[in-house]
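Enquirer: Each chain, written out:
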Amino acid sequence: MDKFSFKDVLVTFAGLFITTLVAWVLITSTGNNPSEVAKYLYEGGFKGTRNIANSLYQATPLILTATATLISFRVGMFNIGINGSMYVGALYAGWAGYRFTNLGHLSHVTLCILIGMTVGALWMLLPALLRVYAGVSEIISTIILNFVAVLFVSYMANGPFRADPIAPATARILETAELKQIFPNSQFNTGFFIAVIVAILAHFVLNKTTFGYELRSGGDGLVGVYPSRFSSYLGIPSDRSAIIGMLISGALGGLAGAIEVLGAVRYFFQELEFNQGFDGILIGILGKLEPIGAIIASLFYGAIKNGGFFVDYKTDVAREIIIVLISILIFFVSAQKIVKGLEKYPIVKKLDSFFSRKKM
Amino acid sequence: MEIADRVTVMRAGEVQGVSETKNTSITELASQMVGREVFLQVKKDESNPKDEILNVENLWVHDARGLLAVNGVEMSIKEGEIVGIAGVEGNGQTELVEALTGLRKASRGKIMYLGEDIASSTPKNIRRKKIAHIPEDRTNTGLNTQLSIWENLIGNSYFRKPLSSKGIFNLKKVAKHANKLKEDFDIRSPNVSLKVKSLSGGNQQKVVVARELSEDPTLTIASQPTRGVDIGNIEAIHEQLVQMRDEGGAVLLVSAELDEVMAVADRVGVMYEGQIVKWVNPKEVDQSQMGLYMAGVTE
Amino acid sequence: MEWIEIFDISLLRSLLRSTAPIAIVGMAAAICSAAGVLNIGLEGKMLNAAFAGVAASYYTESMWAGLAAGVIAGIVTAVLFGLLSFTLGADEVLAGLAINIFSLAGTTYLMRTLWGQAGFFSDPKIVGVEPIHFAFLEGTFLEPFLSGFTYSVYLMFFIAAGLHILYYRTRLGTAIRATGENPEAAEDAGINTVRIKWLVTVFSGLLAGISGLFLSLENLTMFTEGMSAGKGYIGLVASSFGNATPLGTFGASAFFGLGDAIGIRLQGVYELDSRLILMIPYALTVVVLILIGIRQRLKVRPVAIPES
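Going down the list, the sequences are from chains A, B and C. Going by the numbering used here, the residue at position 350 of the first sequence is 414; the numbering climbs one at a time, nothing skipped. Going by the numbering used here, the residue at position 177 of the second sequence is 191; the numbering climbs one at a time, nothing skipped. Going by the numbering used here, the residue at position 204 of the third sequence is 211; the numbering climbs one at a time, nothing skipped.
Just so you know, the hints here were simulated from the structure itself, not pulled from any lab data. Fair warning: there could be bad hints in the mix.
[What the hints assert, rightly or not] Chain C residues, not near chain B, derived (Cβ > 10 Å throughout):
#1 70
#2 94
#3 309
[Unchecked claim] Below, a list of computed lysine to aspartate or glutamate pairs in the DMTMM-like style, where the Cα atoms sit at most 20 Å apart:
#4 A:401 to C:99
#5 B:211 to B:229
#6 A:352 to C:98
Glycine included, C-beta positions come from ideal geometry on N, C-alpha and C.
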């Protein structure tokens with residue numbers, strides 16, 4: 065595939081360069097020291113077992129939400145609602161965590177995960193049906209549902225699922241539902257491996273199976289192009305593909321939420337905030353809509369995010385700067401004309417064709 | 015030829031020749047464009063039609079806006095012949111083809127194919143019956159330009175051995191198959207992994223043709239098959255359609271290019287305002303006559 | 008208290024206040040849609056304007072500085088969107104989304120880094136917008152209906168009327184609608200579609216800025232993280248429901264405003280959880296989306312086949 069062409073890599077690096085410049089401006093203009101920030105950013109992400117473990121922990125939900133979003137995009141649906149799936153998946157996984165007693169470790173964890181995934185998938189059902197049968201823009205419906213998810217989940221933690229008379233939170237999950245944490249002072253848990261395996265599975269299914277081929281035949285671009293008539297013309301029911309794709313996406317989003325609760329937080333409370341759904345969109349795009357790319361980008365982003373926390377702790381610079389920078393990178397990478405403009409330079413053209421010689 | 019006094023022919027970036035239009039002919043210019051003898055009259059033997067395989071009975075089809083596009087079309091196609099539909103675009107040809115290929119439900123009438131009414135069949139069923147469709151919209155229907163060449167080539171064969179087994183692709187066999195099609199149909203591209211959107215219009219059409227004709231169809235429905243295609247490739251596609259006919263298949267050629275229909279088809283129906291107003295033998299009619307028929311003047 | 012008793016003057020006033028931000032940003036969405044620009048980035052413009060307004064007002068202790076800063080922020084964000092989409096060839100939806108994410112993170116970052124506050128920022132130094140009381144209406148029957156609102160509430164009527172006139176009575180309006188319906192034909196007719204698109208984008212930035220300022224300087228005098236809470240998207244839906252016309256959008260926005268206002272009142276009557284009440288605008292949005300879809304479907308009705 066000509067997805068990871070040399071041009072794209074070049075643009076990404078150019079983008080990183082510009083982003084670093086912007087970061088420098090942002091940091092100095094608020095009266096902080098950029099080299100200090102850079103040092104803490106690096107340390108927080110990469111130095112020491114604890115930091116590395118935490119970086120991997122940060123990457124865990126990102127891998128899943130990025131994969132979830134890219135699956136939607138590749139069936140032609142511009143799904144921005146994975147964050148919502150994550151919230152409801154987390155809530156119900158947490159609920160299943162304390163609700164079912166007398167289960168063995170493996171079965172309890174599996175049950176919680178399955179419930180989380182199912183709820184996450186169902187959250188995507190309405191936008192999918194609306195798009196397929198009523199032509200309603202899934203961009204808007206999924207975004208709106210994000211807001212609904214946050215409110216709903218907060219209401220539940222405050223009301224029906226509330227366990228603690230003082231704090232609005234659910235009960236803590238039972239030990240049998242936990243995903244074990246490996247390192248003593250880090251929230252890194254076995255969910256990381258689940259995430260990686262799921263992403264690799266997604267890569268296989270999307271690219272190497274007929275099922276994946278059928279899913280992609282209706283879309284596969286960056287911009288949701290559902291419905292491409294190519295799919296129906298071949299005899300593949302593109303409606304079904306779009307709905308299934310959205311459900312799978314939702315399931316992965318729910319899984320991300322479930323892992324967060326089962327592996328790290330261990331109960332669901334009102335102030336619990338998930339933004340990994342939105343980060344997942346950016347990462348999915350950076351990873352060129354391929355699950356393997358999503359894994360790599362998530363690892364990178366997880367480290368940066370952890371570094372950001374460290375920076376936040378050590379300086380006055382807030383951690384949101386990371387998202388600001390990543391979105392600037394997205395601006396850059398998405399500006400097609402810049403990519404096309406690079407073609408003007410003959411050396412770029414030569415290197416580009418060198419890297420895309422006979423692949424098949 | 016009508017307006018210019020002098021014509022310069024370029025091919026592959028080089029000037030092939032400069033001629034006064036009054037001293038040259040279309041045939042000569044075309045051969046300069048392609049670099050070899052080009053037959054504007056398609057070389058073909060007499061057709062030898064056998065049994066009827068398709069019979070359209072009183073077909074009525076609505077278009078996307080709810081208006082009637084096909085108003086009672088009747089048509090019969092036999093094995094071993096190329097039936098052409100001529101006419102100015104917008105007279106129902108698109109909807110007729112869509113109804114025949116399962117992309118649009120017929121509102122009334124029957125489409126009898128080998129004894130079975132396929133008027134409300136799905137595209138999947140139609141393909142199962144070995145009916146191939148070269149659609150008039152190649153970028154949105156005939157191809158998914160975001161996918162690679164090989165992914166587009168296997169659209170009608172991906173679910174069978176040896177390309178896939180139990181739902182998993184055998185990418186080596188897929189590559190082999192794709193490269194063979196690339197050779198057979200002369201698709202110009204460095205490799206079959208590139209996205210189709212990087213190909214020229216003519217090459218894109220060759221991908222569609224390669225896919226549709228390679229699975230041995232009994233009936234081939236080709237709609238505007240050479241639109242936006244350069245002369246050398248137009249020739250090749252016409253040859254392939256004639257070959258389909260000679261091997262015992264049937265071809266329905268729908269085209270707004272009068273030259274094409276008259277040269278390739280064995281008999282031609284003129285479509286006007288949703289009906290076939292006249293059937294002609296292309297050897298016995300001239301252009302001006304056809305022009306009148308296409309404008310609805312049948313007598 | 009009977010539920011019907013909530014329909015009173017107080018509800019009407021609440022309705023007008025709830026409608027204002029949605030209507031103004033909705034009309035920003037409408038004018039962009041009319042020109043064929045899918046402006047998802049309105050959330051970001053509102054947020055940036057809300058923040059800039061609070062920041063400027065805080066540092067200068069002047070309301071006017073706050074208003075100016077907000078409007079400028081909205082326009083600058085719009086220019087960024089235009090650059091990305093029109094000049095640099097990015098996909099409009101992607102650019103809009105990225106801008107929203109960027110703005111949410113950016114305003115949060117600035118609030119936390121500049122003032123060390125998380126969640127929200129409120130300070131007596133921020134000067135908000137005062138409601139306008141018309142002296143000549145005092146004591147009259149009309150006073151509760153027309154007096155005592157902040158300027159945006161009055162402004163939205165003028166904007167709706169003004170845009171309506173622009174659309175249907177001016178050459179510019181026609182040019183905008185032409186660009187939206189058939190850009191190629193518009194170009195052939197001599198309309199510079201790129202300039203039109205820039206024009207509507209910048210103007211929508213202005214309107215979105217006013218809408219964002221309403222949230223942070225009129226309704227309340229503070230900045231909250233993610234203050235716009237989806238109103239930019241609700242505005243888009245209102246515009247869609249109103250077929251991208253100023254009056255239609257205004258009507259649709261009023262519908263959302265009504266839902267909002269009723270919800271707030273119901274909370275007092277029935278002691279419902281506040282979060283359920285807050286869900287009402289979003290639930291309404293989904294309902295409206297479904298209605299739009301159904302309406303699309305009903306448009307096509309096939310003609311009858313003649314019996315012969």
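Enquirer: Name the hints, by number, that the structure is in violation of.
Expert: 3, 5
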